[in-house]
Every structure is written in C-alpha cells, then in structure tokens.
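Peer 1: Below, each chain spelled out in residue letters.
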Amino acid sequence: MSLRNSVNRPPTPDAVEDQEKEPTLQEIINIKMIESGEKEKLMELLRERLVECGWKDEMKALCRAYIKKKGTNNVTVDDLVHVITPKGRASIPDSIKTELLLRIRAFLASAAL
Amino acid sequence: MSLTNDDNMSAHSQVSSHFFEDLLDSIIVDVASECHRVARLGLDRNFEEEEEELRLSAQARARVADSSNNGETNSKYVVDIFGQTHPPVANEIFECMNCGRSIVAGRFAPHLEKCMGKGRKARLKVTRSATAAQNRYTRGSPGSSYSSYSNSTGMNRLSNGASSGVAGEEYSNGSFEEL
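For the record, the sequence lines run as chains A and B. Numbered continuously in the numbering used here, the first sequence closes out at residue 113. Numbered continuously in the numbering used here, the second sequence closes out at residue 179.
Each hint should be verified, as a subset may be incorrect.
Sample of chain A residues facing chain B (criterion: CB under 8 Å; computed from the structure) [as the list claims (entries may be wrong)]:
| # | residue |
| --- | --- |
| 1 | M43 |
| 2 | V77 |
| 3 | I84 |
Derived by calculation from the structure, the hints in this document are not laboratory data. Cβ atoms here follow ideal geometry from the backbone N, Cα and C, with glycine treated the same way.
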C-alpha cells in the first residue's frame with residue numbers, strides 16, 4: 001500500500017521561539033503602572049503641577065502665536081506638537097521633574113522590580 | 001542574578017526617565033490638540049479681539065502722530081488756563097498690567113473694559129482657573145443693569161483665578177475690600 005502523500009506530510013516545524021517578544025523591563029513597568037492605576041494618578045499629578053507653574057499657559061501661548069502666524073485653517077495638531085515639544089521638554093521645572101521621578105522610582109521599588 | 005545593585009539603579013533611572021518622558025509627551029499632545037480645537041472652532045474670543053485691538057491701537061497711534069499736522073484737529077484744541085493745549089487723543093503709550101500689551105493711553109479705558117471684565121466677552125475669556133469658576137460668574141448675567149455688581153464679580157474672578165498675575169493682586173487689595 002503506497003502511502004498517500006497527503007498523509008505523509010513532513011512534520012510541522014516547531015514554532016520559532018519568539019524571544020524578541022519577551023517583554024522588556026520598560027513594557028513590564030508600563031503594564032504594571034496601568035493596571036494598578038498609578039499611571040493615571042501620575043498623569044493627573046503632572047498635569048496639575050504643569051498648570052500651577054504656568055507651563056501649560058506658556059505652551060498655549062506658543063500655539064496661539066504659531067496659529068496666528070500660519071492662519072487658523074492651515075495648522076494641524078501635528079504641527080502644534082512639533083512646535084511645542086522642544087520648548088515643552090526643556091522648560092519643565094526641575095522640582096516637578098524630580099517629584100515625578102521620585103514617585104516613579106518608589107513605585108518601581110514597591111513593585112519589587 | 002548577576003546584576004549588581006548599581007546596574008539595577010541605573011536601569012531603574014533609565015526606565016523612570018523614559019516613563020516620565022512618555023507621560024510628558026502625552027500631555028504635550030493633549031495641550032496641542034486642545035489649542036488646535038479652540039482655534040479651529042473659533043472659541044478663543046481673545047484671538048479676534050486681539051486683532052481688532054491691534055488695528056485700533058495702530059489707528060490711534062497714527063492719529064497721535066498726525067495730529068500736529070492736521071489743521072482740523074488743531075482747531076479743536078482747548079487751551080487751558082496755563083496756556084497748554086491737550087491733544088484730542090492722549091499721547092502716551094504704556095503697558096497694560098493685565099495682559100502686557102502696549103496700549104495708547106487714549107484707548108486704555110476701552111481696552112481695560114475688554115481685558116478686565118466689564119463686558120460679557122471679557123468674562124468668557126479663557127483663563128487658567130477651572131471653567132466651573134468661569135461659569136459661576138457668567139451667570140451674573142450680561143444683561144445685568146448693576147454695572148458695579150458685574151464689575152465686582154469680574155474683579156472677584158480675577159482675584160480668585162490663579163492666572164491673574166499682578167493686576168489681580170492689586171485689585172483684590174483695593175476695590176475688593178470696599179465691597
């Protein structure tokens with residue numbers, strides 16, 4: 001009896017070990033932060049601090065100036081993001097940055113990572 | 001694990017910084033998107049007012065510059081008892097303490113009205129304080145006949161709002177107390 005080819009298929013190759021899919025520390029942190037609700041809290045805290053110190057107003061002023069120059073209908077959100085990102089990142093007060101970093105690290109420590 | 005304590009610490013710092021940058025980027029996108037929305041929907045009353053004011057200020061300044069040449073205006077000059085004449089449009093230009101723009105003195109009062117809160121439009125001016133505070137005061141209606149009342153609520157809002165800067169403090173010490 002000749003073996004039918006369809007039955008005698010070569011064995012299915014083993015699935016390639018997805019080693020690059022193993023979550024990085026960064027990703028693990030992110031997931032833990034989101035799950036525990038800490039990310040949301042930190043986001044709100046950061047927002048509040050940035051409003052208090054006038055950072056948000058500065059960014060809004062930059063946006064308005066750019067919009068005035070370019071004309072209201074020629075501006076995209078992407079443009080605005082590019083306008084404020086460099087200044088935005090640079091003008092964060094150190095105290096705020098420190099406060100947030102401390103909280104993040106405390107979380108890392110408490111999550112025993 | 002072969003990670004030393006130091007390695008752990010620097011990995012932690014790196015991850016923390018990275019995470020912070022992420023948070024910041026999200027917030028930046030939010031702010032950009034909010035500004036974009038306000039601009040596109042025309043919600044920023046100040047935007048049109050600013051342009052109108054710039055135009056009016058420029059006009060006023062032009063008039064001031066011209067007034068010495070204009071024969072017509074000269075005839076309107078009143079001579080006071082010291083023999084001085086006063087130009088019809090006040091000359092000096094100085095800075096509004098509320099918004100920081102340079103305004104010709106002759107246009108200062110109307111500017112303050114818009115800037116500081118006599119009218120409905122000024123009250124709707126978006127400031128740093130919560131919209132809730134804003135809504136509370138706009139209920140003191142635009143059609144109100146008590147102009148002093150609406151003036152004071154305007155001032156009130158200024159002294160409460162965190163964004164008012166120097167002007168708010170000045171007024172909260174002055175007129176606010178009288179009420």
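Peer 1: Each hint needs a verdict: does it hold in this structure or not?
Peer 2: Status of each hint after checking the structure:
1. M43: holds, 6 Å
2. V77: holds, 5 Å
3. I84: This hint holds: I84(A) lies near chain B, its Cβ roughly 6 Å from the closest one there, short of 8 Å.
Every hint from the earlier list agrees with this structure, and none is contradicted.
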